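> Sequence:
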Amino acid sequence: MARSRAVLHLFSLTVLSVGGWSGWRTANSPVAVQPERIMLMPGTLPALNPFLPANEAERQILDLIHEPLIRYDQDGKLGAALAEGWSWHQNLSCWFESAELAKQAAQTVSAQSLELRASWDLESAIPVSNSLVLRFTHPGNHVADEVMAVLATKHPQKLTFMRIASTPSMRSAIQAYTDHPEHSPHTKRVWFDDDGSCEIVTTLTGLQAQQQLTDWILPRHSFVPEILPVSEVSALLEPVLDFRLKPGLRWDDGNPITAADVRATLEYVLPRSWPLPGRDLFRHVQSIAQTSTGGVRVVYRKRYSPTLAAWTALPILPSAWLKRHEADFGTDIPSGAGEWRLTRLEPTRLWLEKRHSETKQTLQVIAATSPLQTQVGLSTHIIDVWWPDRDGQKTISLDSSWRMLPTPPHNQLLLVWQTESSAVKDIEVRQALSLALNREALSHEIPSGRARLHGGFFPPGRWFSAEPTAFIYDPKAAAQLFAKAGWLKDVSGNLKKAGQPMHLRILVPEGNDERLRLAQALALCWRKAGLVLQVDAVPGNRYRSDLQAGRFDLAFLGSEFSPGWDILPHWHSSQVSLGMNISRIADPQLDLLLDALVSEFDSSHILRRASAVEARLVELRPALPLFTDVADIAILPDRFLGLRPNEIERGVTLRRLMSVAQSKDSPHVNLQMIPPK
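Numbering (this note's numbering), first residue to last: 161 to 837.
Check each hint, because a few of them may be wrong.
To be verified - Dumping the calculated DSBU-like pairs for lysine-lysine here, alpha-carbon to alpha-carbon at most 30 Å:
#, residue 1, residue 2
1, Lys585, Lys657
2, Lys644, Lys656
3, Lys657, Lys688
4, Lys318, Lys263
5, Lys514, Lys585
6, Lys348, Lys483
7, Lys462, Lys237
8, Lys585, Lys644
9, Lys688, Lys644
10, Lys656, Lys585
11, Lys636, Lys688
12, Lys514, Lys483
13, Lys462, Lys314
14, Lys314, Lys263
15, Lys348, Lys263
16, Lys585, Lys649
17, Lys649, Lys688
18, Lys462, Lys406
19, Lys318, Lys462
20, Lys483, Lys406
21, Lys636, Lys656
22, Lys237, Lys406
23, Lys514, Lys348
24, Lys657, Lys644
Simulated from the structure, these hints should not be mistaken for laboratory data. Every value quoted in this text rests on a predicted model; they were computed, and no experiment measured them.
Full structure from sequences and hints, please.
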């Protein structure tokens with residue numbers, strides 16, 4: 161403590177002149193009660209938009225204030241948040257010519273033997289107007305044909321799926337069509353995608369629906385979009401996810417937290433271009449309603465199990481606040497439902513207080529206005545937590561009592577092979593190229609070393625992620641595989657096959673200095689193995705079109721980790737050309753494994769299915785996983801006891817740090833202004 165006061169005495173006049181720590185204490189003011197924990201972050205205070213964090217520090221602060229329905233716990237498993245539990249079901253809905261026929265259909269189902277209904281996992285069969293809704297315990301379509309065969313004598317109406325290649329400007333007109341009294345009785349479902357295209361489920365025939373939609377749209381728009389019937393079915397199979405909310409949940413204004421808040425939050429976020437994790441998964445939501453017990457019921461358009469994990473990435477806000485800020489997010493900060501709440505806000509500081517705590521626990525967040533202010537706070541140990549900026553570790557010195565910890569990664573960088581390219585279509589060549597690459601050396605090309613080696617295709621630390629493959633650097637093994645594939649070194653050390661040298665081409669986006677530097681480092685590394693890598697920096701539009709068309713041998717692919725186990729868009733053959741599968745891998749076995757994974761609703765089987773996908777990807781080598789991003793956080797370990805080694809390996813969150821914070825206060829430091837002599 162003597163050292164701290166000496167440093168403060170030396171720098172106090174300077175610090176006060178830049179408006180740093182002077183707001184805490186002065187010689188003429190009483191010593192205030194110091195917050196239990198003090199956090200320093202670079203730059204200005206965050207805007208605290210829960211859907212648009214500017215950096216990892218703001219993301220972690222928002223995670224204290226706001227709460228999703230469910231969240232990943234410290235072991236990487238799905239756990240409770242606003243919801244204390246959840247369960248999957250499935251609805252089968254079919255429509256009849258009259259309400260009487262719907263009632264008769266329900267009676268027909270009830271008349272089946274108890275054993276048969278049990279084999280269906282049937283919970284209920286309820287007629288609603290002229291429809292019958294059957295609720296099953298588990299999602300799946302294995303009993304749908306059997307149930308519909310029983311109902312065939314009641315002649316359920318055929319349902320036609322119509323696809324409309326509309327634009328966002330047409331949405332209001334199509335919505336008006338589906339709501340119109342003349343058309344609403346025939347319209348059973350309607351969806352709108354982000355690009356404005358629409359899908360309608362109707363009891364009309366395809367020809368009837370096409371004609372009615374054309375007649376409706378033509379006088380309201382200058383052109384009529386393409387309208388096509390997609391399929392015809394006898395019933396709708398829709399997975400249903402029920403969340404059981406924790407009892408007594410309320411917003412700060414006293415209003416209860418309900419399904420209306422969940423629905424309003426999703427409707428508020430989806431039309432905006434904010435980078436919401438799992439956005440594509442939310443597109444499968446058909447409706448959100450409140451159950452009779454006060455829970456949240458989400459009905460989906462299709463069977464797709466990763467949609468459950470998407471709810472970990474959506475902070476829920478009050479519907480009343482969202483309604484007041486329809487045009488923009490506004491200047492006032494929305495109320496949250498998290499463990500901490502914002503109690504005070506100043507231009508360079510904010511205070512959070514823990515809710516429902518027997519003892520008052522606070523966290524003060526300070527925006528550093530100068531490197532000197534930061535250095536003084538760190539040197540004197542006034543600060544408990546520090547978020548360095550990109551260059552912070554270079555300009556600020558830390559003594560040995562500080563410890564740098566990684567936070568959970570959000571993005572991954574892969575080296576993707578174009579598997580149809582003649583140069584790398586051979587799996588043995590791709591294996592050899594992997595062995596000839598020193599990923600550790602390559603990671604040093606990331607600014608400030610902000611990269612961590614990761615050998616898996618799924619996010620690290622999640623319960624469904626198998627142990628990642630160890631992609632080692634072994635030049636000798638690489639040379640043996642090259643030779644096995646027919647590539648031998650000549651007297652100059654160049655790899656050749658049938659007299660032709662190995663010449664590869666990698667694409668990088670023009671203006672991306674980091675990717676260019678990585679590609680150049682990659683070229684140097686492989687030059688030692690005897691091959692030439694041509695680095696082509698191309699303009700953004702051409703870069704995207706070249707990737708889609710497969711006009712490359714390899715490319716870097718940076719992607720955000722999905723909240724769940726949804727990696728199908730990157731590797732399924734259906735995503736070649738028009739989708740995200742730029743590797744152009746088309747493997748029937750991999751397709752089956754990917755389809756089985758996203759159709760698996762039993763959590764006890766998801767790890768097994770994800771491991772099978774991972775193993776097949778490692779075998780096929782459509783890509784080489786390189787790194788995940790790393791944002792470091794600095795802490796004083798003796799003030800945050802209880803962290804486990806595996807938590808540190810996966811990444812530490814501010815939420816977790818505050819839960820293991822020592823109850824003992826940080827040292828009290830009496831900052832005083834020293835008058836000049």
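> Hint by hint, which ones does this structure get wrong, listed from lowest number up?
5 and 23
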